[in-house]
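Q: Residue numbers (our numbering), protein chains in the order written: chain S, 1 to 196; chain P, 1 to 248.
It is possible that part of the hints are untrue.
Taking lysine to aspartate or glutamate and the EDC-like style, the derived pairs with C-alpha atoms no more than 16 Å apart in a straight line are [to be verified]:
#: 1; chain 1: S; residue 1: LYS22; chain 2: P; residue 2: ASP212
#: 2; chain 1: S; residue 1: LYS89; chain 2: S; residue 2: GLU5
#: 3; chain 1: S; residue 1: LYS22; chain 2: S; residue 2: GLU69
#: 4; chain 1: S; residue 1: LYS129; chain 2: S; residue 2: GLU79
#: 5; chain 1: P; residue 1: LYS156; chain 2: P; residue 2: ASP65
#: 6; chain 1: S; residue 1: LYS89; chain 2: P; residue 2: GLU62
#: 7; chain 1: P; residue 1: LYS156; chain 2: P; residue 2: GLU210
#: 8; chain 1: S; residue 1: LYS22; chain 2: P; residue 2: GLU62
#: 9; chain 1: S; residue 1: LYS189; chain 2: S; residue 2: ASP142
Worth flagging that the hints you see were computed from the coordinates, not collected in a lab.
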Amino acid sequence: MQHTEIDTANFGRVAALNEAAKELMARSHHVNRLALDAMVQSKATGANLRGFDEVSSQIRHWSRDLHGELERLRALSRELVVQVSHASKEARLLSLLRRATATCSENAPRCDFSLKEAAQVERLERLRKLWRTMAVALSDLDQLGLMAAVLSRSAMIEASSGTSEQRAQLGRVSEAFYQNSESVISVLKAALKAVA
Amino acid sequence: MKKATTLFSEGSHHWQVIARDPERPSHLIDTNEYLVSSEAQSLLTDPGGQEVFPAVFSALSEVADPRSLTHLFASHQDPDVISSLALWLDVNPSLKCYTSWLWCSFIPHFGGSASTFIPVPDEGLQFELGRQSLTIVPAHFLHSSGNLHLYDPRAKILFSGDVGAALLPDDQQELFVTDFDKHIRAARGFHQRWMGSSQARDAWCRRVSELDIELLCPQHGAIYRGPDVQRFINWFAELEIGVLRTSA
Numbered sequence: 001m002q003h004t005e006i007d008t009a010n011f012g013r014v015a016a017l018n019e020a021a022k023e024l025m026a027r028s029h030h031v032n033r034l035a036l037d038a039m040v041q042s043k044a045t046g047a048n049l050r051g052f053d054e055v056s057s058q059i060r061h062w063s064r065d066l067h068g069e070l071e072r073l074r075a076l077s078r079e080l081v082v083q084v085s086h087a088s089k090e091a092r093l094l095s096l097l098r099r100a101t102a103t104c105s106e107n108a109p110r111c112d113f114s115l116k117e118a119a120q121v122e123r124l125e126r127l128r129k130l131w132r133t134m135a136v137a138l139s140d141l142d143q144l145g146l147m148a149a150v151l152s153r154s155a156m157i158e159a160s161s162g163t164s165e166q167r168a169q170l171g172r173v174s175e176a177f178y179q180n181s182e183s184v185i186s187v188l189k190a191a192l193k194a195v196a
Numbered sequence: 001m002k003k004a005t006t007l008f009s010e011g012s013h014h015w016q017v018i019a020r021d022p023e024r025p026s027h028l029i030d031t032n033e034y035l036v037s038s039e040a041q042s043l044l045t046d047p048g049g050q051e052v053f054p055a056v057f058s059a060l061s062e063v064a065d066p067r068s069l070t071h072l073f074a075s076h077q078d079p080d081v082i083s084s085l086a087l088w089l090d091v092n093p094s095l096k097c098y099t100s101w102l103w104c105s106f107i108p109h110f111g112g113s114a115s116t117f118i119p120v121p122d123e124g125l126q127f128e129l130g131r132q133s134l135t136i137v138p139a140h141f142l143h144s145s146g147n148l149h150l151y152d153p154r155a156k157i158l159f160s161g162d163v164g165a166a167l168l169p170d171d172q173q174e175l176f177v178t179d180f181d182k183h184i185r186a187a188r189g190f191h192q193r194w195m196g197s198s199q200a201r202d203a204w205c206r207r208v209s210e211l212d213i214e215l216l217c218p219q220h221g222a223i224y225r226g227p228d229v230q231r232f233i234n235w236f237a238e239l240e241i242g243v244l245r246t247s248a
């Protein structure tokens, strides 16, 4: 008999990923707003902090990239739900068929559900592949998380080069960048752990 | 994919409808699922058939963590109402399902064990979801012999199962009723055929007329709001029901 059972923890893992994606999406929007604010503030101070403007602009790009990756992650997550649901239904059906066959008398005609079993084995393999694709997508996101940390540190360095007023204003924004990037990294670590 | 839309939100108390799946195969009837949440508890009304489970799960995930779902409410025993039960129990094995006592040994054919169900007596009951008190309103024989609706006095929302349902054409997919006269044409045939007891209908109309309802939310079709709620109740009270039409 082939292994056709499905681990129902799959739903929990998808749910955990969806929660992570929502958190990251919110962070991405927040960071985008912060970067815009930073650029406006930098202009308002009339400063010549071109380096800071450049970093802010890169952070906005980063936010857009994160957004794009999260859309990909959501599409994968929806596909996972479809596959897990289907595999779960089929596993239940196969288990009932096996029970039915086991209770039949010796002389009763045997039903052959080997095709159904083979289809389920294939389905479970597809599901494993999908999880691997998800793990790769999360690794890509993890790279983006690290990039955020680098960018936020650059923003802090650039902010420190202005006048004391500029340092105070831009320092606050840079600090917020940094905290958000740290949160992004920690959410991603938790998501990767959920998938592993 | 289905989409979740907020109907009511006050503090930690929310109602969201999960509706309208453009990718739904045409041979499956469209359904509306309602997520009610208060504090740490949440309930999904008529969670749907197993074929629509992935769409409902994904849409629900956009607004809540499906693992935090604590209760289901099955207005009756139909497959489009509750055949996804086993899958929801895969998500959270300790889920509890409110349903008529009449169906507590029938619905387990879709999944669950004796401990899954909270049998609701014929007269209905009141229960706490988080910090919100909800009322299960009897609607027997409309259309099922053990049929229940769910009323939230704070949100002024009545989940009315198949009552108020309409089989909307593809070009009329709005979430709320905007033109009552046009909409009700899509509800007429459904109510005439599915609702078989005038006595039960009259009792229901009297009962719900006493409730303060802002939104009447059926399992199929568009949501009635404001004056359209009473308009619907009046229309239903006058409708000739239990009509078997020969196919024209």
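Q: Against each hint, give a clear statement of whether it holds in the structure.
A: A quick look at each hint next to the structure:
1. S:LYS22 with P:ASP212: Judged against 16 Å, a Cα distance of about 36 Å means the pair is violated.
2. S:LYS89 with S:GLU5: holds, 10 Å
3. S:LYS22 with S:GLU69: Given that 16 Å is the threshold and the Cα spacing comes to 12 Å, the pair holds.
4. S:LYS129 with S:GLU79: Within the cut-off at roughly 12 Å; holds.
5. P:LYS156 with P:ASP65: violated, 25 Å
6. S:LYS89 with P:GLU62: The given pair, whose Cα atoms are some 23 Å apart, is violated under the 16 Å limit.
7. P:LYS156 with P:GLU210: Cα-Cα ~12 Å, so holds.
8. S:LYS22 with P:GLU62: holds, 7 Å
9. S:LYS189 with S:ASP142: holds, 8 Å
Figure legend: structure checked against the earlier numbered hints; hints not met, in rising order: 1, 5 and 6.
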